[in-house]
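My request is simple: use the sequences and hints to build the entire structure.
Same order as they appear, the protein sequences are chains A, B, C and D. Sequential numbering of the first sequence, starting at 0, is according to numbering that gives the first Met the number 0. Sequential numbering of the second sequence, starting at 0, is according to numbering that gives the first Met the number 0. Sequential numbering of the third sequence, starting at 0, is according to numbering that gives the first Met the number 0. Sequential numbering of the fourth sequence, starting at 0, is according to numbering that gives the first Met the number 0.
Derived from the structure by calculation, the hints contain no laboratory data. Hints are supplied without guarantee of correctness; some may be wrong.
Said to hold, decoys possible - Only some residues are given here: those of chain D computed to face chain A with a beta carbon under 7 Å:
{"#": "1", "residue": "GLY31"}
{"#": "2", "residue": "ASP70"}
{"#": "3", "residue": "SER71"}
{"#": "4", "residue": "VAL73"}
{"#": "5", "residue": "PRO82"}
{"#": "6", "residue": "LEU196"}
{"#": "7", "residue": "GLY198"}
{"#": "8", "residue": "ARG199"}
{"#": "9", "residue": "GLN224"}
{"#": "10", "residue": "TRP259"}
{"#": "11", "residue": "PRO262"}
{"#": "12", "residue": "ALA263"}
As the structure is a computational prediction, the values presented were derived from the model and not from experiment. Heads up, the beta-carbon is just placed ideally off N, CA and C, and yes, glycines get one too.
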Amino acid sequence: MHEAQAIIERVRRVSPTLQRLDVAVDRRQAEIAPGQLLLARTTDSYDPYLRIPWVPVAREQGTVVIERPAYQSYTPGQIVSLLGPVGKAIPLPETIRALLLIAYQAAPTALLMLANAALARGGGVALALIGSAAYYPVETLPTEIEVIRAHDDLEWAERDRMLGWAEQVVAVAPAGFDLPAYTRLMDHIQRLRVEPADGYAYGLFHPPMPCGVGACQACLIHLRGGHEAAACTDGPAFDLKGVRLDGA
Amino acid sequence: MHEAQAIIERVRRVSPTLQRLDVAVDRRQAEIAPGQLLLARTTDSYDPYLRIPWVPVAREQGTVVIERPAYQSYTPGQIVSLLGPVGKAIPLPETIRALLLIAYQAAPTALLMLANAALARGGGVALALIGSAAYYPVETLPTEIEVIRAHDDLEWAERDRMLGWAEQVVAVAPAGFDLPAYTRLMDHIQRLRVEPADGYAYGLFHPPMPCGVGACQACLIHLRGGHEAAACTDGPAFDLKGVRLDGA
Amino acid sequence: MEPNKRPSIHISGGKQTLTLHNPVMGASGAFGFGGEYAKLVELDLLGAWVTNPISLNPRRPASGTRIIPLDSGVLVHTGLPNPGLYKAFRQYGTRWKNSPVPVIVHLIGTSPEEISECAIILEGHEEIAAIEIGLNDSAAYREVRAIVGAARSKTQLPILVQLPLASAPLVALPAFEAGADALVIAAPPRGTARDPLTGRLIGGRLYGPPVKAQALRATGLIASQVKAPIIGCGGIHSPDDARDYLEAGAAAVQIDSVMWVRPALVSLIARDLGGLEMTRPAGSLPDEWSHNTTLPNASTRASIFPSVMPLPPFTPPDDLP
Amino acid sequence: MEPNKRPSIHISGGKQTLTLHNPVMGASGAFGFGGEYAKLVELDLLGAWVTNPISLNPRRPASGTRIIPLDSGVLVHTGLPNPGLYKAFRQYGTRWKNSPVPVIVHLIGTSPEEISECAIILEGHEEIAAIEIGLNDSAAYREVRAIVGAARSKTQLPILVQLPLASAPLVALPAFEAGADALVIAAPPRGTARDPLTGRLIGGRLYGPPVKAQALRATGLIASQVKAPIIGCGGIHSPDDARDYLEAGAAAVQIDSVMWVRPALVSLIARDLGGLEMTRPAGSLPDEWSHNTTLPNASTRASIFPSVMPLPPFTPPDDLP
Ligand SMILES: Cc1cc2nc3c(=O)[nH]c(=O)nc-3n(C[C@H](O)[C@H](O)[C@H](O)COP(=O)(O)OP(=O)(O)OC[C@H]3O[C@@H](n4cnc5c(N)ncnc54)[C@H](O)[C@@H]3O)c2cc1C
Ligand SMILES: Cc1cc2nc3c(=O)[nH]c(=O)nc-3n(C[C@H](O)[C@H](O)[C@H](O)COP(=O)(O)OP(=O)(O)OC[C@H]3O[C@@H](n4cnc5c(N)ncnc54)[C@H](O)[C@@H]3O)c2cc1C
Ligand SMILES: Cc1cc2nc3c(=O)[nH]c(=O)nc-3n(C[C@H](O)[C@H](O)[C@H](O)COP(=O)(O)O)c2cc1C
Ligand SMILES: Cc1cc2nc3c(=O)[nH]c(=O)nc-3n(C[C@H](O)[C@H](O)[C@H](O)COP(=O)(O)O)c2cc1C
Ligand code: FES
Ligand code: FES
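Encoded structure:
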């Protein structure tokens, strides 16, 4: 975890709404693992003030690939300041066979590096794109991923079959709507498996992160047992069994 | 004077330090005269907050040419918001024969449209680039302009000859250093011509202009006789005979 | 002009009433003396406008007038130059008479004596709809009572008192008790910054979006404590900004430096808050209407939420809490 | 580390003295409890650092913790969660002992009783170099005297009092008279903004460069009125920002949210103000040194002066006034 400069080497439009940046990063940031973030400053202006979270969709040989909305402007050669890697890797079993990823009303961007890691380990990967996530341009995804799209919420057709199939489930939902989304996910899981195993279902928590180092206390997640953990140092992925989903 | 959108149609690097933008502006702003300004917003961010003054170096058929530092980034097709024309035209005699322009420790940008107007009327134009202005890339200037460069202040070799030759003198100096610069210019002029004629020597005043319409009272210039005039509505050019050069 | 859908606001004082057909006003210090903005904004959409600060006697500009750009804002130091109240009437009286909406004269509240004299002068002028008194940052309980009381005893016009941000929670009640008919919260806060031209530290008024959070907080606090009509003021740069003040308890708002940086927003804010037609008229140019103008910078700001990042803004489903 | 060229600063209180080898400190609320920034900034360059606010008893985070992006700043609402003073010692005591520079504990100044009890606890701990007391925005003369006086009567440690920006000019003197050894001006001002996620108005602390002008003004005012050592705090984002506070009368500064957004600037500011070596070391990477980092945005700001526009920054000749 440190602050370093990085260079945008290539800018590619991958769909009408998305572009991907190949960013040459320093050695330690190139080791970034699935789930971890980089906090980026791209201008000298303090507007916007907080760093922007960048979750790579892939990494390779000193380069990370960052997905951004197409309407933003980036230039090859542009120098950016990156703080990171922030947070912990999403735990992925060495011998994962079946990984279910769920993007609920949110882009699946933060799940894609994990999908690639599971594919590399020979696992099967399914990605459920729910609600607005169904508009995500799937042509950008590896073809090995089985994509399920559902416009209406968590009641998608294949849900129970997929939850049974999966050895591990990792979900992402937007900040502010994460707790209700994960509550319903856990309800469904509990109905299928009386008590889900530890490490079966993870949720990503992406509150804004002013500091990224556990200092500002602005990204706390309430855990069972009455204590809190910082999304920036203990997350962003939390085993949903351990999270107080009522937020209290 | 109104607010309208404009489109940057072309971006040309004209020297290692300068670029020029061809900006398609609306009908009324296309009528901008030498000395008048446009106040530009180029981003949605409020940082920077105040509009940036753009002084065209040329205009033609619904387009104005704007000179900007090369390190700034503009894109063809970019839409900008312009407020203007702000201020009054620099008065130029219909039959000007000899016009002396002086850029003192400042870019001559704001003088170039006037230079072109005088050339178009068949007049001779000399441009004295003094101090840091001597670094201005002269290859961007019309070849008809006689350029004099002097590194050391207002003591340039040709000074007295040029002041005698000129029917009209227009000088530009940076905000904050305008009064002392124009004081010395007037001292030189007074030594040559006991009392300079009205309308012989103009100075451009470019204080920051928050509003551009005479409302905020932030751009006042002290005139002889104890009253003030707003640079944004009565300037930016003032007959230096009427200005209180001691600033009081 | 479209029919006005929102009920008018009445601020009664003495025997006269200030009626605002729109809750949006132009603020003192930004709007000029004589309707300088008439060519740039649709003046007749506004509820009223307030003149630049005027003193009994003329004030020269500060010898060191300074504008200092800050992050997302600006510091302005002018010394509040003005021709004095008598000459102001000669210079601007006709324009005040011809204003399509009420004109409020802002008086620099230096002393009770000066304020009395100004109030007496204004009393005879029908073109003036109300008085706004500006208070010094350092004016405390007793001085505020004396200044506002002096105006109250001399005029039947409605009196607005514009409170300094720093002292607003302390002087709101004395200003109200001494006869203010409405409180303007707040005057631009004062700050110090280094002038890049002279290298000196300069004091002045602060303008820009960052002012809003503090003025909005003061508005909420005072609205819950003082039974006066409140006019919110500070950092308004969008209809949403203005609506935030209404939700915090203000009856109306004043807009200031947004007029300098994006004059087109003035009509947009007034139309939105006044319940006027917002639809883009057929054939209008983009200059005249832009959805985007209501949300400057919103897309950049949204980027701190990575999960919603590359998708268009989304609405949560109804069945989520 | 290069030799320190600037004389140390001594803040004496009770029988003990806080010695700052560098006038730059890390501020409470931004720097964490236990040196979370040790991996990101050169802690040993700082004069000291202040812990996040700690209360006698534990405080849970606000149920609606919220971060609201603003123009060039941010509103933060956390509810000041902390484990309480006893548990804080168990959790962070070792790190405080091992800190290369003095650790100052920030106490939430709720009541005289609570502050007394906290002061007694701290008294026995050598790893604590000083106490900083945070005051509530609404605390007035009498309450400030009582809270600071309670601490003074129970500890020989130097006492810093961090004043709310809004009330700083009013409570500086009572805080000093009741025993403060130094005044920190100011705590982050409080504001209100709309949370884009919940649509509700939220109160919280304001951070970012726009805070500076107001805090710098308060520093100048109070330095001229109160004979206490002043520590400037608010919106510092460059060595020049920090130097402005020293020129306005501060003896030292605290830096806060710049650590979040540009941690590399912390060393730069400390090196500059401490008189340490600023030259770029041969072979260093651009990350480690950048002239540009001292002037964020300066080139954009300069563009409001059209005459100097397309030329590099220029120095006026000596013979101009
Ligand atoms: C009795 C009275 C009534 C007033 N009523 C009104 C009113 O109705 N409306 C209104 O808007 N204004 C009012 N003011 C005026 C207001 O206080 C300002 O003086 C005025 O706005 C002019 O502001 P300025 O910045 O242009 O000039 P000045 O206020 O003269 O600017 C100088 C300021 O810079 C500050 N300063 C300079 N150097 C430093 C430093 N190193 N550190 C910290 N601070 C520094 C000083 O504190 C001072 O405030 C009133 C003033 C008085 C005395
Ligand atoms: C006695 C006491 C001592 C304290 N000492 C310290 C200290 O040492 N250091 C420190 O940093 N803090 C201190 N505080 C705490 C401080 O006042 C805040 O309560 C604390 O910073 C937590 O802030 P918050 O924003 O996270 O939560 P809260 O303060 O609980 O946030 C709620 C805020 O939102 C505002 N608000 C909500 N809705 C609106 C609306 N519609 N309009 C306007 N305002 C609205 C409220 O006014 C309120 O201030 C102290 C508090 C008390 C009571
Ligand atoms: C590429 C794309 C992305 C979209 N993303 C979202 C979204 O994130 N949230 C949402 O509510 N609707 C989203 N939409 C839906 C549109 O805003 C619109 O409501 C939707 O297309 C319904 O209209 P239709 O009949 O065109 O499909 C998206 C549409 C497209 C084409
Ligand atoms: C294109 C260009 C523009 C310059 N503009 C300025 C200027 O505005 N002000 C200034 O003081 N020096 C200016 N300089 C001078 C340089 O900063 C430097 O001081 C100067 O080049 C002297 O060193 P030299 O030996 O390279 O000529 C400029 C130099 C160049 C090449
Ligand atoms: S972002 Fe600051 S504690 Fe997590
Ligand atoms: S810029 Fe506002 S009066 Fe001239």
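Each hint, compared with the structure:
1. GLY31: holds (3 Å)
2. ASP70: The hint holds - ASP70(D) has a Cβ within 7 Å of chain A, the shortest such distance being about 5 Å.
3. SER71: holds (4 Å)
4. VAL73: Hint on VAL73(D): holds, closest Cβ of chain A at ~5 Å, below 7 Å.
5. PRO82: Not OK, violated: PRO82(D) not within 7 Å of chain A, min 9 Å.
6. LEU196: holds (3 Å)
7. GLY198: Given a least distance of 10 Å, the restraint on GLY198(D) is violated.
8. ARG199: Since the shortest Cβ distance to chain A is 11 Å, the answer is violated.
9. GLN224: violated (31 Å)
10. TRP259: holds (4 Å)
11. PRO262: Holds, because the Cβ-Cβ distance from PRO262(D) to chain A comes to roughly 5 Å (cut-off 7 Å).
12. ALA263: With a closest approach of 5 Å, the ALA263(D) hint holds.
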